[in-house]
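Chain order of the listed sequences is G and A.
Quick note: the first sequence uses numbering that gives the first Met the number 0, first residue 0, plus one each step.
Quick note: the second sequence uses numbering that gives the first Met the number 0, first residue 0, plus one each step.
Simulated from the structure, these hints should not be mistaken for laboratory data.
Positions of the beta carbon are idealized from the N, C-alpha and C atoms, including for glycine.
Careful: at least some of the hints might be erroneous.
Covered stretches of chain G, as calculated for chain A (at least 3 residues, CB under 8 angstroms) [said to hold, decoys possible]:
no. : stretch
1   : 14-21
2   : 69-79
3   : 233-243
Straight-line C-alpha distance at most 30 angstroms; calculated DSSO-like pairs for lysine-lysine [said to hold, decoys possible]:
no. : chain 1 : residue 1 : chain 2 : residue 2
4   : A       : K165      : G       : K130
5   : G       : K274      : G       : K227
6   : G       : K202      : A       : K165
7   : G       : K70       : A       : K165
8   : G       : K175      : G       : K216
9   : G       : K202      : G       : K216
10  : A       : K165      : G       : K124
11  : A       : K203      : A       : K141
12  : G       : K175      : G       : K130
If you want the building blocks of each chain, they are given just below.
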Amino acid sequence: MTVLGIENVSKSYGEVHSVQGVSLNLGEGERVALLGHNGAGKTTLMRMVLGLTPLTSGSIQVLGMPPGSRKARAAIGFLPESVAFHGALTGREQLHHFARLKGVKRRVADDLLERVGLTHAMNRKIRTYSKGMRQRVGLAQALLGQPRLALLDEPTSGLDPISRHEFYDIVDDLAKTGTAVLLSSHALTELESRTDRIAIMSKGHLLANDSLSNLRKAARLPIQVRVKATAETADDMAARLGGSRVNGASVALEVQQEGKVSLLGQITGLGDLVKDIDVTPASLEELYRHYSVPKQEGK
Amino acid sequence: MSSIAIARIELLIARRNMWVFTSLILMGLFSSVLTLAGGAPTGTLGVDPLLIATTSITTLSVYLIPLIGLLLSFDAIAGEAERGTLALSLTYPLSRGEILLGKFLAHLVVLGFAVAVGLALTAGLTIWKYGSADLNYLPLLKLFATSLALGAAFLGIGYTISALAKQTGVASGIVIIVWLICVVLYDLGLLGALVADGGGTFTKTIFPWLLVANPADAFRLINMPTDTVSTLATGLGAAGQASGFAPQLASLLLWPIFALGLAWGAFRRIEP
Ligand SMILES: Nc1ncnc2c1ncn2[C@@H]1O[C@H](COP(=O)(O)OP(=O)(O)O)[C@@H](O)[C@H]1O
Ligand SMILES: [Mg+2]
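Excised from the complex, chain A in its bound form:
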């Protein structure tokens, strides 16, 4: 019950939050541009235009969704600690778990809304361009569901950083570094290892698991068609697909739980 009250006030704040506004614009803009520009010429070899659109949107979402998740969450605990409202909230009859859950619900709604707006634009524009016949909406739904999971993981990571840093300024710096590591540096590192290994045991046994262990990569793998496109879109190639669907799904489902657990542990230790 208290979680609902927290979620409600967070949504009220989110409506007036610059980051939320920015997220919405970014998602809407990029989805539209990629749908219009990235689509195959009409009538090409029966390739589903929606599949092509979701593939390019996936490539972008790998960067954007974690960023939005972190931007929504980095202030959640540190900001309240700084303003003194955290201490006040904790004198009310509700638990820290309820506070965290309420914030998470609100931020997940915001994130889901941003993704939904983007994907609705994609679907609308595709139908407008190619007509609604023969479109397969499954990749779109998969992209939406996995975007929520990816976003939830990074919300949890953001809360953890917010609770550990205790100062918004510090937290905002750390989330940008974490974002860089997760969506850029991690893959670069793996790519380097791959090149050095030259197709040896590392490439075949360890690499696929390291790749899928990163939720952003799991998200990319799960939303990319197995063949051609993924090789083009990520330098990491088809070897990454070796882990298969189940571990990719597991990574996307377990990360939010793990990250929120971490956040709760860090939040519990704070003395406001």
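Next comes chain G alone, as it looks inside the complex:
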């Protein structure tokens, strides 16, 4: 079932075309990452889904309802990009307030505080919280009331690596209960195994929208192979494999997916000369650059 339907949506602020002809669908339990540099239009797209700003053209449906309608809002959990809760309130007071607005029991709010790891600090003023702790308050309120759609705008900015890991665990649990999750980011590495689909935006356009493995296949970016030899044998090995010598004792090679197995066979054939092998597929960062840069120049 389609939870979020975005159909050919555009948004202009005067001469600034923030979002241009974007179409994107999210089904139940799907985790989609919206990637794009600063100013790509990610936040604007989310604001339109929330009904905070009107569309210039196109249409959006949240569970078949228009964005911003009371029912649509009741079905959405939103974590804003940068939010500063009132410093005079405690984390618990703030979350209880949001629970009341959503018609959720305060017990549930307390459980969520535990889920995001804030129980120890919940009776302290938010003014004393670190940036990561504030982000957790924001995440907790977005989870209130089992939303059918979660919009998380740069949710991991300000979180340390371990917190990020915990954050994605929460997202996974959320998706397992059927919530569609759309999260924006420009930190790429962490997304690899944590999302079902990747949507890449640049200058308001949606340039790609597919699973990571399909994006890899379509981009045809070479696989990086690095073979470790010794300082004496590296030049010889580079010549035999057709690569180039790096770092004194290693050989770097690039190969497409279909040539990978035969190359590895060739390397194994060298026997004892090979001390170690590293095989790295194109990183998300390279993919992102592949999809976002050339089209900008071609325009």
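Based on the hints, put chain A with the ligands in the right spot on chain G.
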């Protein structure tokens, strides 16, 4: 229902708000000082000591109540817009009208509490000084009710400024200017016109209506005894009373409604 939740969190914030604390201290302090210092010597010609106290407190409240109303409200919308909590609140299933109503309820409670504390001190001190016999509490109740109306009007004006300015810094500057105009400059202007007119048609026909159109002046007129004291307390004299009680009451009742309507209109136009 959502308005109650908003009012609740606003009261929680108000409890820890410096302005609220200041308002309470100011109201309590000034009410006590005016009651103790301004009272007539015991046994003077049967003048109700409570009436004398409320008269001097009225003179002060004309300045203080609008100030408190504006200080409570100038941050209400601009502050949330700046922090980003406004956008977040608006993604919850509640309307802007409910948000505004909730804030208004909370701030009116705070204001009412400050006024009530001040007037309770006045009543207590008066009883302590003169005994409770023969005291007429009506002026006190009238002062309380009209203080709420005056405060509500300036809360509405403060929300309007907050919504239009969108930045707390700007909003705080504008409310001080608006306060100066409403409680000082407006009256000075009228006084100047009065002097220039020298008791002509302006003084008799237009002036009383211009005076009562300002809620602060309507508040002063309605709480002042018609004769002597008002002439002393305001330079504007008895001519001001010409409009009568009904327009004064109407001004105090219509201003809150008008100002809140304005605030709602301005708030609705904000894109958070
Ligand atoms: N309220 C606004 N008025 C004018 N321009 C805006 C407004 N909001 C966003 N923009 C512009 O729209 C573009 C996309 O911004 P945004 O959606 O915030 O990007 P992202 O979230 O991907 O970093 C930017 O060029 C930004 O300057
Ligand atoms: Mg953004």
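A quick look at each hint next to the structure:
1. 14-21: Answer violated; 0 residues pass the 8 angstroms Cβ test.
2. 69-79: holds (count 7)
3. 233-243: Not satisfied, violated; 0 residues make the cut.
4. K165(A) <-> K130(G): 25 angstroms, holds
5. K274(G) <-> K227(G): Holds, because 5 angstroms separates the two Cα atoms, which is no more than 30 angstroms.
6. K202(G) <-> K165(A): Measuring from Cα to Cα gives roughly 28 angstroms; hence the hint holds.
7. K70(G) <-> K165(A): Cα-Cα ~28 angstroms, so holds.
8. K175(G) <-> K216(G): Roughly 27 angstroms separates the two Cα atoms, so the pair holds.
9. K202(G) <-> K216(G): Given that 30 angstroms is the threshold and the Cα spacing comes to 24 angstroms, the pair holds.
10. K165(A) <-> K124(G): Holds. K165(A) to K124(G) sits at ~26 angstroms (cutoff 30 angstroms).
11. K203(A) <-> K141(A): 27 angstroms, holds
12. K175(G) <-> K130(G): 28 angstroms, holds
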